[in-house]
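Asker: We have chain A already, so just place chain B on it with the hints.
Taken in sequence, the protein lines are chains A and B. Using the working numbering, the first residue of the first sequence is number 1, and each one after it goes up by one. Using the working numbering, the first residue of the second sequence is number 1, and each one after it goes up by one.
One or more of the hints may lead you astray.
As the list claims (entries may be wrong) - If the Cβ cut is set under 10 Å, some of the chain B residues that face chain A in the computed set are:
| # | residue |
| --- | --- |
| 1 | Lys-18 |
| 2 | Thr-35 |
| 3 | Val-39 |
| 4 | Gln-57 |
| 5 | Pro-153 |
| 6 | Phe-155 |
| 7 | Leu-265 |
| 8 | Pro-279 |
| 9 | Gly-282 |
| 10 | Cys-309 |
Honestly, the hints are just simulated from the structure, not real lab data. Glycine included, C-beta positions come from ideal geometry on N, C-alpha and C.
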Amino acid sequence: MRALANRRARVLALAILLAAVLAGVYALGLLIPEEAIAGSYLQAGQAPSLSHPFGTDALGRDLLLRTLKGLSTSMTVGIAASLISAGIAVLVGIASAIGSRRVDAGINWGIDLVMGVPHTILVMLISFALGRGLKGLLVGIAATHWCSLARLIRAEVLQLRGQPYVAVSRKLGKSSAWILVHHLLPHLMPQFLVGLILLFPHAILHEASVSFLGFGLPPEQPAIGIILSESMRYLSAGQWWSAVLPGAALVLLVLLVDRLGEQVRRVLDPWSAQE
Amino acid sequence: MKGTVGRLACLLAGNLVKILSLLLAVSLIAFVLVTASPVDPVQQYILGLGTAVSPEQRAQIEAYWGVDQPPVQRYLSWLSSVLHGDLGVSSLYRRPVAEILAERFGNSLALMVSAWVLSGLLGFGVGCAMGLFRDRWPDRLLKKVCYVLSSVPTFWLGLLLLLIFSVWLKWFPTGFSSPIGLTQAEVTLGQRIYHLILPAVTLSFLSFSNIALHTRQKVIDVENSEYALFARARGEGALTRLFRHDLRNVLLPALTLQFSSFAELFGGSVLAENVFSYPGLGSAAAAAGLGGDVPLLLGITLFSALFVCAGNLIANLLYGVVDPRIREVEA
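Here chain A stands alone, though its shape is the one from the complex (with noise of 0.2 Å):
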């Protein structure tokens, strides 16, 4: 029992830490003023040192700070983008699984579409319509992004309505309103939490991709793809700082907060708590 006890407590120090490293990266980025990424040519192309432990880049900026400033555009695109996303989710796959056998088939029709571009290619062409910047790349992650998790939804929502528990609500006259506020959404709020965070770091990701693109964020703003699309003009010159530094750090943090979804679903899953 005391066993049992220290797990889950330790499982949870660690969700904490995990929370608050990514919250001080993120600050962290947002408190940087532009003053301070401006640099000079005087430092442009300097290798990795003391003062500057990423290197400069080809401007003689800064490469640390623009990469943490980079995280934090990253991390605001990811938290937009895989709520969204997460909403739209559970609102499909409810509707999916208590609509009937035609709106089922309906919105299966249509996460096939979804499923049918490859998402690459569908981020490219909203971006393209919204214009690029940052609008068009929130909304082409945003509804890219809810498939997997609104299949899980609909399986959960599925199997949740077989419960006695539903059906006897039922018999005492409950709506279906009532029921679904009352036992489907309480039911459901772990596999959305958990779903929302295993949702960032594939936002983040492909944030970057279309970035790298150059469909993603305008070239001025720090991003990571921009900064390492930027790195490979300079890559035959030998500056393999700007290349790896900066990748390093977004794989890193994705890690992290893969790490951070794993010990928030080991907290809520009974099954896994328990073990």
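Answerer: Relative to chain A, chain B alone:
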């Protein structure tokens, strides 16, 4: 035997109807998105001409594009010409879109097929190894590697490979599908393969961890089953069990998964081709989107949807026809 053919035909017909409806919807959505764009395709076309245009010529071009017509009519006339095989003329490359698609798809296909085979073989092999060594150190190590790889963006991996193997070690060229300065006819097959290796390796890492983790889980499921336990009791070693029991159960789902990953494969090829300046469909897609080349963008979108649908169709057919369990249940 007749039953199999009949069921295959039935499955095929149902899937084809669905694919047609999906393609129609994709064409409509793509057209709406492109029409909503603030980028003016006529302006881009005229910019691409590179010469001054008189107002009369401009009016002529606008009439050809149908700018004054309502969008619905424009969509219908575009759709009917697409169905007749005319995808329009690319404003970026000044050539018919169909011609560009055909030429570029050849390059992309070589890239995607080699990456697909490579990731399938490697992922399947590693997955089987992880399953057999489950919960011991090789499994734990490989699982960590897979998780990390699935968090690495394709284009960054491409940049790293480019940096290590082309810039530092100088083993491979830094890009393109053939040496610079040679015409198409002069390029040998060996040179093409040499230029293909790095992009293909980059692209193969995209679905590698997915297939490996999936295979691992399936192998563990089989190994935990009663017949595998009995085989173990009979004294069969790990390799014998792998060939007698695991492979038969694991190969088909893995192959199905691999066929249904065509969307990621295509999306990843856009990134890999851009990193390595490889002249395939993906780099054309990015160029078309950035240069406001509407006919080419629409053509590539339709083509990519067709490609993904073909993969899903094969996956469905594999599952419905080849798998003896599903066949028995339905019969």
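Asker: A separate judgement is required for each hint: does it hold in the structure or not?
Answerer: So, going through the hints one by one against the coordinates:
no., hint, result
1, Lys-18, "7 Å, holds"
2, Thr-35, "8 Å, holds"
3, Val-39, "7 Å, holds"
4, Gln-57, "26 Å, violated"
5, Pro-153, "5 Å, holds"
6, Phe-155, "5 Å, holds"
7, Leu-265, "8 Å, holds"
8, Pro-279, "16 Å, violated"
9, Gly-282, "8 Å, holds"
10, Cys-309, "6 Å, holds"
Figure legend: structure checked against the earlier numbered hints; hints not met, in rising order: 4 and 8.
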